[in-house]
Amino acid sequence: MDDFTKLFWQLDGTTKTSEKIAALEKYFKNAEAADAAWAVFFLTGQRIRRLIGTKLLREWATEEAQISDWLFEDCYDRVGDLAETISLLLPSAEVDLTTPLHSLIQDKLLPMRELTVGEQRRWVLELWDQMSQPQIFVLGKLMTGAFRVGVSKQLVIRALSAYSGVESTVLAHRLSGSWNPSTKFFEQLINPESSETPASKPYPFFLANPLKDGPEKELKEPQNWCAEWKWDGIRAQVIRRADETFIWSRGEELVTEQFPEIADCASQLPNGTVIDGEIVGWCQGESRPLPFSQLQRRLGRKRLGKKLLTEVPVALLAFDLLEKDGTDCREHSLEQRQADLAKLLIGLSTETQEGQSLFPNPEPDSQEPAIRVAPPVSESPLMTWEAMANCRTRAKELRAEGLMLKRAGSIYQVGRPAGLWWKWKVDPFTIDAVLVYAQRGHGRRASLYTDYTFAVWKENELVPFAKAYSGLSDAEFRKVDAFIRKNTKEKFGPIRSVTPQLVFELAFENIQPSSRHKSGIAVRFPRISRWRHDKSAGEADRLETILSLASDE
Amino acid sequence: MQTELLKPTDRGLYCPAGNFYVDAWKSVDRNIITHAHADHARMGSKSYLAAKEGEQVLRTRLGSDAQIEFQRYGEPVSVNGVKVTLYPAGHILGSAQIRIEKGGYVIVVSGDYKREADSTCTAYESIRCHTFVTESTFGLPIYRWPNPEKVFEQINAWWRSNQEVGKASLLLAYSLGKAQRVLAGIDSSIGPIYTHGAVEKLNESYRNSGISLPSTTYVGEVDAKQTDWTKALIIAPPSVMGGSWIRRFGKLSSALASGWMQIRGTRRRRGLDSGFILSDHVDWQGLIRSIEETESQSVWVTHGYAEVVARSLVERGIDARTIETEFQGELLEQQSEASQTEEATDG
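These protein sequence lines are chains A and B, in that order. Note that this note's numbering gives residue 128 to position 120 of the first sequence, counting from 1, and the numbers run on in steps of one. Note that this note's numbering gives residue 202 to position 192 of the second sequence, counting from 1, and the numbers run on in steps of one.
Quick caveat, the hints were computed from the structure, so don't treat them as lab data. Don't take every hint at face value.
A few chain A residues that don't get close to chain B, going by computed Cβ distances all over 12 Å [as the list claims (entries may be wrong)]: (1) Q266; (2) D272; (3) R415; (4) L470.
Part of the chain A face toward chain B, derived, beta carbon under 10 Å [claimed, not checked]: (5) G21; (6) E71; (7) I75; (8) W78; (9) C83; (10) E92; (11) A101; (12) V103.
Straight-line C-alpha distance at most 35 Å; calculated DSBU-like pairs for lysine-lysine [as the list claims (entries may be wrong)]: (13) B:K241 to A:K497; (14) A:K24 to B:K56; (15) B:K160 to A:K494; (16) A:K63 to A:K14; (17) B:K36 to A:K487; (18) A:K37 to B:K56; (19) A:K228 to A:K192; (20) B:K36 to A:K24; (21) A:K37 to B:K261; (22) A:K494 to B:K261; (23) B:K261 to A:K161; (24) B:K17 to A:K24; (25) B:K160 to A:K192; (26) B:K93 to A:K24; (27) A:K63 to A:K475; (28) A:K487 to B:K241; (29) A:K34 to B:K241; (30) A:K14 to B:K17; (31) A:K63 to A:K431; (32) B:K261 to A:K116; (33) B:K160 to A:K499; (34) A:K34 to B:K17; (35) A:K34 to B:K93; (36) B:K241 to A:K494; (37) B:K160 to A:K37; (38) A:K497 to B:K211; (39) B:K261 to A:K14.
Don't be surprised by glycine CBs; every beta carbon is placed ideally from N, CA and C.
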């Protein structure tokens, strides 16, 4: 625990990649394999299932610190991080707890799940009692969620590669999917020899970079690029191996259970098949997917009701083939992979293997299989950027986010390397809105007012319609922060209402009607695109304007 | 009676009976100063009263023309029939609590103060009073200062490890008070120590006041290209970060010595390599203890987390209220920026 805590503070204390890698490498070199396995687990963004609700942890910490609830809240508001707040409020030990990381987790934390609340409290207080302030903080992070310490999975992989000599793509593959942090796992992870792959293992996703200045400038010759729709859904990998089906989301979560239509269709695929695509909601007979908000209804549910399955059926729009006949084909050309994919999917039927349709189907002829080749942008190849740009303007009609541009002849890479895959999104909607409420940010921005609520005019009233946290520079945030402090009208707990004066241009991707919002609309991915110093509050947009943008939904 | 002895006004705390202000932020006839930091000692008043210990420092700040009467700690002076006595506040050299007494009623204005050991100024003294006016810069229980000796050890270790990798050590500290406290606390045998002009000017004032500091060299006095900075500790005000002044040192590691460094987010946002938790203000525990020791019946809270502290005191059964200052509560960003600007103009 003390070595891991030290590593955490080293990583936290530097912004330099080289120093982070050096610290990680040194840690892996000295750590026991069992501890290193857990370190990799946490630093790659995985978390253990919630042991104790944060409400209880707050409650216990408040009692131990002998302060009032409101004072705990004020402190939390200032610090912006629950684990850190707790660590700063508790009386801490001067010495470090030396229990190894894996014993702490396996013997002290995981078993807590089986305990009564009273026993859990006793265990937690005992740990707090034996730990120094930095350790209490790290313990809080272990218990409540993933670390955000400026370390990406890619960085951990680089450090592991530097330490073990195993290639980073091999490490990425071994680290994808779900695994158990154990001595055995870590030893296999860094073993240059071992190569066995469990059936469920996905490939690391190949991700696209955003195209900023338009393709002419960055991509040059149009004939070297293939255009696809960029669908607004959930990126997923469907794996069929050893008579089993696995569906992985891009967050490397196993989501097989959530999409039974796709899993069922995948059972017709030959063993040794891995397909990359986008899961969308799509009703039979329709020419475009359902809005993303409909698909969202399918997520994060324990049980899928019949009604939901009927209202929001899903499909995998397949666009790449990563494994064919049990062989990794990522090194084949894009065209080759897509041709093989099309061949593979041609034979799929809408019938299940048992010969029964999963859903009662009134018009059998119009049914398409749940896994299908993604509809093309155009029937004929697009030879000019102009032709592509014309297609791109149709994206919103198809509820797509824009175009994907993929380099002809390219291989399927790992992560987000520059140059081969680009996402060329349609321009976002923009609206000029007035800042009306503000709240402090979290983490790095905990002491500044950086979380804003924006309003637009409805008759003579400003109606809040969106929150945004990003898009301004640190210097701009400081200026807005100073304005907020001087122009606070009222405080409601951590929220301040602000004299409506500052106008910002907000960009967002999509508009949905919403009964939960006072404005009657919900916008997707709102962010601040710029500060309109030139506009006064009265010149901000009206709600009708936003509604007219939404009219095509 | 007590309500008339001292009252908050838009110029600062005012004593009508004695016709004087404490730390007025506008020009007044008679201004009693708790300490020489810019948000407390403003130029432009006709006459001042301040602690003798801080004479050199206050002169550096207010100039030689200012009309200042200096008084020793514990020696009362009558101002229009009001008994005024200055007591040490332990904040910086010459910092004072102002004890105001008339008709048997006593009010103490704390100014800024701390309870941790500091060899560069006289230690805080508890004074019993009826009304205590306290600062609350760090008035949240998350602020709990580590032992300063340990912090100096951390600074020493950081300096040594920078030497090992061939980097200059740039330590940011407010030029009045913090810089000198750091100088007196660190191990000066580790390497040469250089200072920014703003710091060096105040080092001079401290030395002239009889405070012993290790020897320092003003950066402007040496040829930057001929100097080996890799073994050096450089002490400068926080405002130098991001400017061209620091370029001369080549590879460097930067750190800030401040109570704000207790919070990870603040540390990270500053973009510094390290942060050392060293404050010249009271932490939460020190604040509550100090208030209790005054045995006062009523407490006025200002400068910082006034609302939080007042509410907590009321919960403890102490009559407490907040008073406004020009520096509105909890403005740590502006406060630090204000002192930075001030220090930047000091050069």
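Evaluated hints:
1. Q266: The assertion about Q266 of chain A holds, with a minimum of 35 Å to chain B.
2. D272: Holds, because the least Cβ-Cβ distance between D272 of chain A and chain B comes to about 47 Å, which exceeds 12 Å.
3. R415: Per Cβ check, R415 of chain A is outside 12 Å of chain B; nearest 37 Å; holds.
4. L470: 25 Å, holds
5. G21: 6 Å, holds
6. E71: Check failed: Cβ of E71 of chain A comes no nearer than 13 Å to chain B, outside 10 Å.
7. I75: Since chain B brings a Cβ to about 6 Å from I75 of chain A, closer than 10 Å, the hint holds.
8. W78: 8 Å, holds
9. C83: Because about 5 Å separates C83 of chain A from the closest Cβ in chain B, which is inside the 10 Å limit, the hint holds.
10. E92: 6 Å, holds
11. A101: Since the shortest Cβ distance to chain B is 13 Å, the answer is violated.
12. V103: 13 Å, violated
13. B:K241 to A:K497: Distance of about 52 Å is beyond 35 Å: violated.
14. A:K24 to B:K56: 53 Å, violated
15. B:K160 to A:K494: 39 Å, violated
16. A:K63 to A:K14: Since the Cα atoms of K63 of chain A and K14 of chain A sit roughly 28 Å apart, the hinted pair holds (cutoff 35 Å).
17. B:K36 to A:K487: 26 Å, holds
18. A:K37 to B:K56: 68 Å, violated
19. A:K228 to A:K192: The hint is violated at about 49 Å.
20. B:K36 to A:K24: 46 Å, violated
21. A:K37 to B:K261: Measuring from Cα to Cα gives roughly 28 Å; hence the hint holds.
22. A:K494 to B:K261: Not OK: K494 of chain A and K261 of chain B at ~40 Å, beyond 35 Å, violated.
23. B:K261 to A:K161: It holds: about 29 Å lies between the C-alpha atoms, which stays within 35 Å.
24. B:K17 to A:K24: With a Cα-Cα distance of about 52 Å, the restraint between K17 of chain B and K24 of chain A is violated, given a limit of 35 Å.
25. B:K160 to A:K192: Roughly 41 Å between the alpha carbons, so the hint for K160 of chain B and K192 of chain A is violated.
26. B:K93 to A:K24: 58 Å, violated
27. A:K63 to A:K475: 25 Å, holds
28. A:K487 to B:K241: Violated: K487 of chain A and K241 of chain B sit about 38 Å apart, past 35 Å.
29. A:K34 to B:K241: It holds: about 26 Å lies between the C-alpha atoms, which stays within 35 Å.
30. A:K14 to B:K17: Status violated; Cα separation ~51 Å.
31. A:K63 to A:K431: 41 Å, violated
32. B:K261 to A:K116: 44 Å, violated
33. B:K160 to A:K499: With Cα atoms ~39 Å apart, K160 of chain B and K499 of chain A exceed 35 Å; violated.
34. A:K34 to B:K17: 61 Å, violated
35. A:K34 to B:K93: Status violated; Cα separation ~65 Å.
36. B:K241 to A:K494: 45 Å, violated
37. B:K160 to A:K37: 29 Å, holds
38. A:K497 to B:K211: 43 Å, violated
39. B:K261 to A:K14: 25 Å, holds
Figure legend: structure checked against the earlier numbered hints; hints not met, in rising order: 6, 11, 12, 13, 14, 15, 18, 19, 20, 22, 24, 25, 26, 28, 30, 31, 32, 33, 34, 35, 36 and 38.
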